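Chemist: Here is what each chain is made of, one letter per residue.
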Amino acid sequence: MNIVACVKQVPDTEAQIKVKPDGSGIDEGGIKWVMNPYDEFGVEEALRLKEKNGGEVTIVSVGPARAMETIRTALAMGADKGIHICDPGFDGADAYTTATALAAAIKGISFDIIFCGQRAIDDDSGQVGAVLAELLGIPQITLVTKLEKNGETVKGLKPIEGAQLLIESPLPCMITAQKGLNEPRFANLPGIMKAKKKPVDVKDAAALGVTPAVKAKVVRFTAPPARAAGKILCADGTPEGKAAELAKLLREEAKVI
Amino acid sequence: MAKGVWIVAEQRDGAFRKISFELASTARRLADQLGEEVCAVLCGAGVEGIAAELGKYGVEKVFVADNPALEPYTTDAHAAAVAKVVKENDPSILLIGASTQGKDLSARLVGKLATGLATDCTDVKIADGRLLAVRPMYAGKCFGEVTIASFPQMATLRPNVFPAVESPKAGTVVKFDAGLDPGQLKTKIVEVQKDTSGKVDLTEANIIVSGGRGMKGPEGYAILEELAAVLGATVGASRAAVDAGWRPQSDQVGQTGKVVSPNLYIACGISGAIQHLAGMSSSKFIVAINKDPEAPIFAKADYGIVDDLFKVVPEFTKECKKLLA
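Sequence lines, in order, name chains R and B.
For the first sequence, the working numbering gives the first residue as 23, with consecutive numbering after it.
For the second sequence, the working numbering gives the first residue as 112, with consecutive numbering after it.
Just so you know, the hints here were simulated from the structure itself, not pulled from any lab data.
Nothing here was measured: the structure is a model prediction, and the numbers come from that model.
Be a bit skeptical, because a hint or two may be false.
[To be verified] No more than 27 Å apart at the CA atoms, straight line, and that leaves these computed lysine-lysine pairs for DSSO-like:
| hint | chain 1 | residue 1 | chain 2 | residue 2 |
| --- | --- | --- | --- | --- |
| 1 | B | LYS297 | R | LYS74 |
| 2 | B | LYS305 | R | LYS168 |
| 3 | B | LYS305 | R | LYS253 |
[Stated by the list, open to error] Computed beta-carbon distance windows for the label pairs:
| hint | chain 1 | residue 1 | chain 2 | residue 2 | range |
| --- | --- | --- | --- | --- | --- |
| 4 | B | ALA410 | R | ALA276 | 48 to 56 Å |
| 5 | R | GLY130 | B | LYS395 | 34 to 42 Å |
| 6 | B | PRO404 | R | ASP49 | 27 to 35 Å |
| 7 | B | PHE287 | R | GLY52 | 38 to 46 Å |
| 8 | B | ALA238 | R | GLY52 | 31 to 39 Å |
| 9 | B | ALA436 | R | LYS239 | 52 to 60 Å |
| 10 | B | LYS310 | R | LYS253 | 27 to 35 Å |
| 11 | B | ALA340 | R | ALA276 | 18 to 26 Å |
For glycine and all other residues, C-beta sits at the position ideal for the given N, C-alpha and C.
Construct the entire structure; sequences and hints are all you get.
Modeler: Here is the structure:
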């Protein structure tokens, strides 16, 4: 099987995010960069499919120079090769631009299945996988928590409000990985050593024949809206007293019960 | 020239989901500022009859595609139908719900319509005649104001944040042919495993009672289930409780769980890590019950009780029973 897994390098979830004073972006100083956690599920599923079916896993990523490290991590987990799409024109790219770049790179290789994370935890946008699938003309199953391959089709389990759907798709298709799909393996030392020698093609926009053209743009970054200060209920100091005061406030002041 | 504020209404089993009315009301507000019309797209089988209900919430025209291939929802069928009617009519703005279905559909439409989309917005407004969408980023650690340079300017709205306001308009039904090519409908639903617990989904709950590490184990949740039963609430959990195996993944609220926006969120034994806040900071009212006075959750709570939740919660349940009797 020829499997593609798209990865993005993002700030670690513990990172303190500080907005620049002029609101033009976030301050990247001191940030620890990691592979987007949802992409890890995609890479892991790709590796499991390779282990079961034979074949090759190609990692593709759009990102600045530092993103190479994330591609190497995926190679260290067991992927075979990478494509690093690196061009200042793709900095701050929106989903359509990123997906266009990925599609241009992936079009040139033969693939049976593509994995993307269900969203990146920096922009929390969750669009690239679907846009990529549309540009490549392949079907999608998003938010997959369990995947099964049967010959030339796959079945993905997908939670929706109040139910779980089992969706079947022919190959090739695009799957976005949701938490619960698998437990990603850690890259071990032999894997890390081998990864250094695995081939990674670096391509810029010109090499892909893509002109970055951002349509959705964040024009201002701001701190989150402040909530009005709340109150600690002391009542008569007893659990009963506090519980009674809470019930009264929720009924009379907040009017939510 | 692109004109009109459009929505994609969401229905399931022949009834509109609440988000559809939130979308319509928001579109009406934007359209009134622009002096334009609100239209809705409704896809399904046998749904023509419910279409006019959108008129109550400010929709002038409802474009209806009625076709067995549109029921139940599949990406291929709905994206094809919506893209067709949107391309034929060139609206300026297209709003969709940030529900599971809406997120799947809207992202595919970005590819079909070659446009931009602001997802999971908590506010949308008009600035200089264009859409300005406000959305959380980095798990809500910062917010972004987004503009879209192309048409339609797309945004998905976080459920239960925007009000559903009645503003009666015609709601005239205009039928359209979805133009579906069966060969292009690749995916199919082979099984639907309905959640039979009767619980309201967390993302749609009005009241959530949630427990974290402070519940000390799965048995601790019994008192939360009791409180939830009295309030008609759904029980949620923090990541700590889910990772410990006390509650299922589907109960998790937070950055790697569900994003919820209930009227009331009662956090019991939850410290309030930023990743948890990411999932519930849209809640209208937040209550925190935790014996640690330093717990970060108290900074976000409207009402806080620093005490033993195993004493407070049962008492609170008693008080609620009295109030709601």
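Chemist: For each hint, tell me whether it holds in the structure or not.
Modeler: Verification of the supplied hints:
no.: 1; hint: LYS297(B) - LYS74(R); verdict: holds, 25 Å
no.: 2; hint: LYS305(B) - LYS168(R); verdict: holds, 17 Å
no.: 3; hint: LYS305(B) - LYS253(R); verdict: violated, 41 Å
no.: 4; hint: ALA410(B) - ALA276(R): 48 to 56 Å; verdict: violated, 18 Å
no.: 5; hint: GLY130(R) - LYS395(B): 34 to 42 Å; verdict: violated, 50 Å
no.: 6; hint: PRO404(B) - ASP49(R): 27 to 35 Å; verdict: holds, 31 Å
no.: 7; hint: PHE287(B) - GLY52(R): 38 to 46 Å; verdict: violated, 54 Å
no.: 8; hint: ALA238(B) - GLY52(R): 31 to 39 Å; verdict: holds, 33 Å
no.: 9; hint: ALA436(B) - LYS239(R): 52 to 60 Å; verdict: holds, 54 Å
no.: 10; hint: LYS310(B) - LYS253(R): 27 to 35 Å; verdict: holds, 31 Å
no.: 11; hint: ALA340(B) - ALA276(R): 18 to 26 Å; verdict: holds, 21 Å
Checked against the numbered hints above, the structure breaks hints 3, 4, 5 and 7 and satisfies the rest.
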